[in-house]
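Could you fit the two chains together into a complex? Lean on the hints.
As you go down the protein sequences, you meet chains A and B in turn. Oh and the first sequence: position 54 is 54 in the numbering used here, straight run, nothing missing. Oh and the second sequence: position 233 is 233 in the numbering used here, straight run, nothing missing.
No wet-lab data here; the hints were simulated from the structure. Glycine included, every Cβ here is placed at the ideal spot set by N, Cα and C. Hints are supplied without guarantee of correctness; some may be wrong.
[Claimed, not checked] Ranges of calculated distance between the beta carbons of each label pair, as one might list FRET restraints:
no.	chain 1	residue 1	chain 2	residue 2	range
1	A	P49	B	L179	40 to 50 Å
2	A	F13	B	T59	28 to 38 Å
3	A	P49	B	D2	46 to 56 Å
4	A	P49	B	P62	41 to 51 Å
5	A	H61	B	P231	24 to 34 Å
6	A	K111	B	A20	44 to 54 Å
7	B	T59	A	L80	16 to 26 Å
8	B	W8	A	L77	18 to 28 Å
9	A	V14	B	A99	19 to 29 Å
10	A	I9	B	R27	20 to 30 Å
11	B	L179	A	I24	37 to 47 Å
12	B	S208	A	K111	16 to 26 Å
13	A	G81	B	A58	13 to 23 Å
[As the list claims (entries may be wrong)] Stretches of chain B that chain A covers, calculated by requiring three or more beta carbons in the stretch to come under 8 Å of a beta carbon on chain A:
no.	region
14	146–153
15	189–203
16	221–230
[Stated by the list, open to error] So the derived list for chain A, only partly shown, Cβ under 10 Å to chain B, looks like this:
no.	residue
17	P27
18	L37
19	L97
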Amino acid sequence: MLNALTLLIVCQFVGEVIARGIGIPLPGPVIGLLLLLTWLILRDRTPDPTLRQTGGWLLAHFGLLFVPAGVGVVTQLDVLGRSWLPLLVAIPVSTFLGLVVTAWVMQRLAKPE
Amino acid sequence: MDKLFHLWVYLETTPLLGLAATLLVWRAAVWSSSFLGTGPFANPMLLSVLALVLLLLATGTPYSAYFEGAQYVHFLLGPATVALALPMYANLSRIRASARAILPALLAGSIVASGSAMLIASLLGADRTVVLSLAPKSVTTPIAMGIAEQIGGQPSLAAVFVLLTGLSAIVLIGPTMKLMRVADMRAQGLAAGMAGHGLATARMLLVSETAGAFGGLAIGLNGVITAIVVPLLVTFLRG
Chain A
1 MLNALTLLIV
11 CQFVGEVIAR
21 GIGIPLPGPV
31 IGLLLLLTWL
41 ILRDRTPDPT
51 LRQTGGWLLA
61 HFGLLFVPAG
71 VGVVTQLDVL
81 GRSWLPLLVA
91 IPVSTFLGLV
101 VTAWVMQRLA
111 KPE
Chain B
1 MDKLFHLWVY
11 LETTPLLGLA
21 ATLLVWRAAV
31 WSSSFLGTGP
41 FANPMLLSVL
51 ALVLLLLATG
61 TPYSAYFEGA
71 QYVHFLLGPA
81 TVALALPMYA
91 NLSRIRASAR
101 AILPALLAGS
111 IVASGSAMLI
121 ASLLGADRTV
131 VLSLAPKSVT
141 TPIAMGIAEQ
151 IGGQPSLAAV
161 FVLLTGLSAI
171 VLIGPTMKLM
181 RVADMRAQGL
191 AAGMAGHGLA
201 TARMLLVSET
211 AGAFGGLAIG
221 LNGVITAIVV
231 PLLVTFLRG
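Chain B extracted, bound-state conformation (with noise of 0.2 Å):
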């Protein structure tokens, strides 16, 4: 018992044990995922963090003790972020075709989104940090978290926002499309890939690959149109 206890000693201080569960833990969220179908709940990356989370919550671990080893998950969300140029060149020449529709149609969306999502949580009395770390809840991850930070809300806040939001987005895309009779299927994907980003992208990806190819571009040019728009929309709701 001694033994054990000085062996989880040398464990909690060392980066191996928060990197060895990150990767662990996702590796039975894909598979478990896979045993729940396609509902907005089969998501590895929600699965993961509930269990860290509780995890975390059981052995009294602090995230800052976690977060030594899973920094270097963490860190390649930058270098990825960047990646994303790649499909976003790949569609260079449709993104051309249609830019004249795609790009008033995401800074529409970015706005409302947005602004209505800090204007609601604002009547309904939510902190400050709340409010300004939804202002990006439409955006993949981490752009989103980028922005938080600048605009001085809780990129953790704005993390899981996201992550509601695309799950949300998975929900709504379907009765909202048919509610409003939407049958192009570019339209359909770039209000997923803009309103959900790369979750309800992938939801998209499913059902048509037109949807998922310009759900791709929306979430790329949706994360440089917000974080333009977004700090601009604060000044100018507090002002």
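The shape of chain A in the complex, shown without the other chains (with noise of 0.2 Å):
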């Protein structure tokens, strides 16, 4: 467990520190997840237990992890105030056009399984 939370964070750290120090336009974590990814994918084996439960257990709590910065929008209640019209309409309508493209594309390409 704590093997395994210190990989996820130093995989973190360095994505961190690759994002800043190089300049690279992506967050920290995400370079973060490309390296856990490679990791994995070069060692080839099935990783350890520990690694899946700590993962396992963070990826499960998702929802809960998002709740301190949703409630930031406690400090944004004016400007939601002045763009209810924009974001009532961009919202659903960009979602729906991406529901609609990725699933075209998605249908058009993939081969029958």
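Structure follows, in structure tokens:
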């Protein structure tokens, strides 16, 4: 558990160092994700159970981890009050278009499994 | 009464209050959403955010005081994002098998979702901060917040837009797939994960396991693709 958490945090840390040090326009944790994925592929073994357990535990409570940031909306109430109409249109319409385009391209290109 | 006041003053200065409130409200939200069934509002994250916002407003607590404690939960978002590599690795053979379809589908979806959101919002006169914070709205929250910060948006606004996008996707996906006659569960799952991240994927998992697996890989891949596409898109739209 501690080893797994250390691995995850070290990946994020190195990701952060790469992002800020070299100035790659990717969030540090995303580079960390790619580093861990590369490491798993190069190692080519089933990840050890504690890593899977710890990762699984974090991902199972993903929703909770978003809450503190979401509550930050309280500092943005005036912005939301000013822009509620554009948001009310832009969010559902762009979501609909994203669904349509992704499903359409995938259905066109994917071979039957 | 005086004692109670002193207790409150003490609690307000320790991180314990914000942390305990977040965890307790989350427990209560998980518990109550199990009664609300599977509707879009039966989402513990939405319920928790609403409850805590009302709590802060009612007690006049500033967000910075709340975050003092909540930051310990917030911190775990980074390692959790890194951990998304695990389900991606587990699905690696399936990803490889249909990579030629997945990557173009996600790339097209990402450009259309971000671009149309920014375009519509700015045409309707939204603030610049709002427009920039909308760009990563289809991506899973930790990545979206990182992207928003990078391009000059507001991470907490982005987090809210991500939530609203997920709820829209849950409502829209059924009718949209029926309208388009998409029966392939890989395509449905991929679209859910691309347009509605974890919220819509969790929903698709109830319908089909295949859709859930493709939704899961769409969340991770789309996060990476959007993190690359959005800064380019912003430069392009500005120029």
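Here is how each hint holds up against the structure:
{"no.": "1", "hint": "A:P49 - B:L179: 40 to 50 Å", "result": "holds (44 Å)"}
{"no.": "2", "hint": "A:F13 - B:T59: 28 to 38 Å", "result": "holds (36 Å)"}
{"no.": "3", "hint": "A:P49 - B:D2: 46 to 56 Å", "result": "holds (54 Å)"}
{"no.": "4", "hint": "A:P49 - B:P62: 41 to 51 Å", "result": "holds (43 Å)"}
{"no.": "5", "hint": "A:H61 - B:P231: 24 to 34 Å", "result": "holds (30 Å)"}
{"no.": "6", "hint": "A:K111 - B:A20: 44 to 54 Å", "result": "holds (52 Å)"}
{"no.": "7", "hint": "B:T59 - A:L80: 16 to 26 Å", "result": "holds (21 Å)"}
{"no.": "8", "hint": "B:W8 - A:L77: 18 to 28 Å", "result": "holds (24 Å)"}
{"no.": "9", "hint": "A:V14 - B:A99: 19 to 29 Å", "result": "holds (26 Å)"}
{"no.": "10", "hint": "A:I9 - B:R27: 20 to 30 Å", "result": "holds (26 Å)"}
{"no.": "11", "hint": "B:L179 - A:I24: 37 to 47 Å", "result": "holds (40 Å)"}
{"no.": "12", "hint": "B:S208 - A:K111: 16 to 26 Å", "result": "holds (19 Å)"}
{"no.": "13", "hint": "A:G81 - B:A58: 13 to 23 Å", "result": "holds (19 Å)"}
{"no.": "14", "hint": "146–153", "result": "holds (count 4)"}
{"no.": "15", "hint": "189–203", "result": "holds (count 7)"}
{"no.": "16", "hint": "221–230", "result": "holds (count 4)"}
{"no.": "17", "hint": "P27", "result": "holds (3 Å)"}
{"no.": "18", "hint": "L37", "result": "holds (4 Å)"}
{"no.": "19", "hint": "L97", "result": "holds (5 Å)"}
Figure legend: structure checked against the earlier numbered hints; every hint is met.
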